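Chains as they are written, first to last, in the numbering used here: chain H, 1 to 398; chain D, 1 to 398; chain W, 1 to 398.
If you are wondering where the hints come from, they were derived from the structure by calculation, not from laboratory data. You may find that some hints are simply not true.
Computed from the model, here is a short list of chain H residues facing chain W with C-beta under 7 Å [as the list claims (entries may be wrong)]:
hint : residue
1    : T31
2    : E50
3    : I53
4    : T282
5    : P332
6    : G337
7    : S339
8    : R352
Cross-link-like lysine to aspartate or glutamate pairs, in silico, EDC-like; alpha carbons within 20 Å at most [to be verified]:
hint : chain 1 : residue 1 : chain 2 : residue 2
9    : D       : K95       : H       : D93
10   : D       : K389      : D       : E139
11   : W       : K280      : W       : D322
12   : W       : K392      : H       : E398
13   : H       : K392      : D       : D397
14   : H       : K142      : D       : D351
This structure is a prediction, so every number in the text was calculated from the model and none was measured. Cβ coordinates follow ideal geometry from the N, Cα and C atoms, glycine included.
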Amino acid sequence: MANFENLLEEINSYNTTDMFGNDFMQTWHKTEDELKATLKVADALRNLRERNISTKIFDSGLGVSIFRDNSTRTRFSFASACNMLGLAVQDLDEKKSQISHGETVRETATMISFMADVIGIRDDMYIGKGDAYMREVIESVKESQEDGILEQRPNLVDLQDDTDHPTQALADLDHIIHEIGGIENLKGKKIVMSWAYSPSYGKPLSVAQAIIGLMTRFGMDVTLTHPEGYEVMPEIEELAQKNAEKSGGSFKKTYDMKEAFTDADVIYCKSWAPFKAMEKRTELYSEGDFDAIDELEEELLKQNRQHKDWACTEEMMELTKDGKALYMHPLPADITGVSADEGEVDASVFDRYRNELYKEASYKPYVIAAMIFLSKFQLPGQALKDLEKRGKQRHYDE
Amino acid sequence: MANFENLLEEINSYNTTDMFGNDFMQTWHKTEDELKATLKVADALRNLRERNISTKIFDSGLGVSIFRDNSTRTRFSFASACNMLGLAVQDLDEKKSQISHGETVRETATMISFMADVIGIRDDMYIGKGDAYMREVIESVKESQEDGILEQRPNLVDLQDDTDHPTQALADLDHIIHEIGGIENLKGKKIVMSWAYSPSYGKPLSVAQAIIGLMTRFGMDVTLTHPEGYEVMPEIEELAQKNAEKSGGSFKKTYDMKEAFTDADVIYCKSWAPFKAMEKRTELYSEGDFDAIDELEEELLKQNRQHKDWACTEEMMELTKDGKALYMHPLPADITGVSADEGEVDASVFDRYRNELYKEASYKPYVIAAMIFLSKFQLPGQALKDLEKRGKQRHYDE
Amino acid sequence: MANFENLLEEINSYNTTDMFGNDFMQTWHKTEDELKATLKVADALRNLRERNISTKIFDSGLGVSIFRDNSTRTRFSFASACNMLGLAVQDLDEKKSQISHGETVRETATMISFMADVIGIRDDMYIGKGDAYMREVIESVKESQEDGILEQRPNLVDLQDDTDHPTQALADLDHIIHEIGGIENLKGKKIVMSWAYSPSYGKPLSVAQAIIGLMTRFGMDVTLTHPEGYEVMPEIEELAQKNAEKSGGSFKKTYDMKEAFTDADVIYCKSWAPFKAMEKRTELYSEGDFDAIDELEEELLKQNRQHKDWACTEEMMELTKDGKALYMHPLPADITGVSADEGEVDASVFDRYRNELYKEASYKPYVIAAMIFLSKFQLPGQALKDLEKRGKQRHYDE
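I would like the entire structure built from these sequences, with the hints used as guidance.
Below, the structure written as structure tokens:
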């Protein structure tokens, strides 16, 4: 693994100018340099922490979180990232708050930001809503800072929107890179983003889209596979196509799961709801037609049940490169016979890859911390070097 | 704007002896010196923060919050104030707690205070209850410290009671002072505290009372206006009258909104429920007569609807000094056509003053921090000077 | 009271090797040295805090709490302990989280632990469950650290399980020791753990068991008394018996409350539900038979009502040594005429001992902090000495 000096050298070689004072939304709005810098800063922060060196860059300040969907992993990852940088987490629990009907996003965003250095938002439930909400928050705090209301501008970290899940996909990418020994080895590796059966309904598209939107950036051969009718957003498929062309990799789509798995180096296998259905649900939701939503749910569950054979079984894993592809999942998974009668993955497959899956998850706090870090420093490499030099212990050591 | 040295000079000129080790309840229990010191310490803390100088006076310690009513602004303001002074916020969520029926206030107050340096409470729903509860908490922790149970006495900050909303009114006053260029310019300025129509019911009286109770202290000409039957507590009107006499200002009451607005420098326009009705609701509540409460609510909503013309319209604003009075509101406002069909204020008025309204709100975290600060130092000016000298960065700067 | 140097000397004299990197579950799995060290480290941390010396040993890091039962006292004690050591508290609210049905304990435990230095758990509701759950969490994070997933292993603090309440019992013991002037004076003192009537149902057994399991370790004469049918777990009684034999104290059981109270030095009097009934409830719960649970509740309440005479009355207190035994309770108590029509204790008894009861509670934050402290240092005495030498102020002092 790269040592600290090497990491700093790499970080210094990337152009991160536009990340300073900026937000982290979809990975497709970031340059390759910016994405690589994020991964390397994450690694450098982890390196410091492993050596018991404090990574606090704030003496005080708030990290505000807004979760419009349940969350354990991302919530703890955001809290961990804030904590390791010195920010206290203040959650905006919309149920306990006094946000009046019709109150503008700008008002709420400003009211919670007087001492906020970062805002993390998860809003992934409705097509066209999460991304739009986050951008409105960004515009709001920008405007409020320009108007002299906010002394500092909190930078936003997208903790999952309706199109992308950047902290997840970058943590996943960091995991792959560590498993295969370097970014340079991504070229030509085959990764499969596969749909899988789940007895539950309405899982966000954003993980699948995040994976095909990101992994096509670095020369990987990306295959998207799912049953007919489970299409993701067409613009994300187009984007993946263009990414692949540019990076020298490839992007393929197939309805044949077996074809997809054959000779794969990495298998990412999870359930999602069809884009068209999610779009329809969003419409019904804004019309307040909850009966129709219930009907839609029934239909989708029925449709799902026709594809119970879409699972990451031992047989399917056999088809991958030497039968040993890296199996990945954002967790929690629907494990057949464990968390579901029939689910996304065989228990024996899941068990074999348990440690890798947990390691995969371990990158997320550092990736979020890196996103924040890069929004705060013009010279992130220098700042990291200064932290090492300061050499403050994270925990008092005998 | 006053520089840091000038602020310290002013702070040193005030007698704040009684604030040390003490609580911040209603403004009318504070001297002019104490109120001015609070504003100037707030400004000084903001000055330090703007210069990236840490204002942490605690290495560890808890700021305990108890919210008996929903809150976004005050919750975040309290969290921000605690954070900038170095305290971690621990919320007493009465729903998750194991406070047994009949448990004394002294017991709960003591149990949450072993490591608490400050307690912030919002309890504004029932007449005669909020203030009483807070005073019982104060007595409790005082007693527990005297009895050797608590090593330190947490000081209480009143985050809104049934009679006053001191952190709001002082943030408002700080805003006015900054807009008009100094405390000395308050004399002779006309401020209107006006009732306004809102489709909702039971808004606390405490903001209106806070404004007339505080603004009469500094020589302003204060006019209270509302429809007949929307009287505030008579003792607060008397208090405002006495304040005005003492400060060389004036306090007037009128049922004629137009008369009130004419030539005003500042318009504070918001809804509240009549004191008599709130008193009745409190009685019904203690009798557990929820049907009667529902009836009362219906009556009040009906009564409100007769006064839809009480709104801060463009026409009304035209009447003010040069048509340009400073419009104020504690937020969130019921904005006509935005957050309500008919509400407290025209959308165009609100929009024009949006930035000022947000700036108004920005003072609250600093005012709360100043209240805490003054309860902790005998020589607050010296302590602020020491913080500047210490010169610790709030956020690590390249 | 012992001064700091004496405390360090005592701490250095105990063998705490096995506490380093370890967890704090039931007191009966700790040696006498380890228990004494916990009390003395608690006292030393309190001593430092009283002298305004910072006890922060973490620059950043999380203290994760999981409360599967309501809590005020223990919640605030855990938050206080974490705060004084420098950890931010992150609560795993199982309602807001995305823990999927069937998700393994190892998965959740790992996901919340990437930056956790300590995990505190309260899980006391079902026989055989709380302890088992905690041990699974311990095994999980141990395994995840060994597998290279976690960089540090969070140590677990048992904040009450179905068998023991170690933080409560040790805080209680620290209180007794301070009241009687030293550990060495425990020998021969009579402490009574008495059942008492309460109108509520299903209070955990763990406090009663914690008391007889711990107080028998130091030569005290421990008497357990309750109505027939209110037996605690037989293995805890056996354990108490063995402890007493080993420590030179005694353990007696009687159904005669008066006999128990006679000549007692310490009275610990609180309600609990019979072990057999709790066991049955657990079974019914796992069968999902909620009607039978309701029936059981009715039965138990009826049975309770036959023992309203089991209360800590003035008459009963008269029987104790000089009528002046130390009255103890973990709080909140069911006080006759205050928090219950008929309850565990007379109001006048409770009032007379109020200050002592609150002092008793004040030891808990320090006991928890000591448990964490001892899990983090091989040479706790040296670490405490270093903190004193560092001499950082807890709050900035003029």
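Can you name, in rising order, the numbers of the hints this structure does not satisfy? 1, 3, 4, 6, 8, 10 and 11
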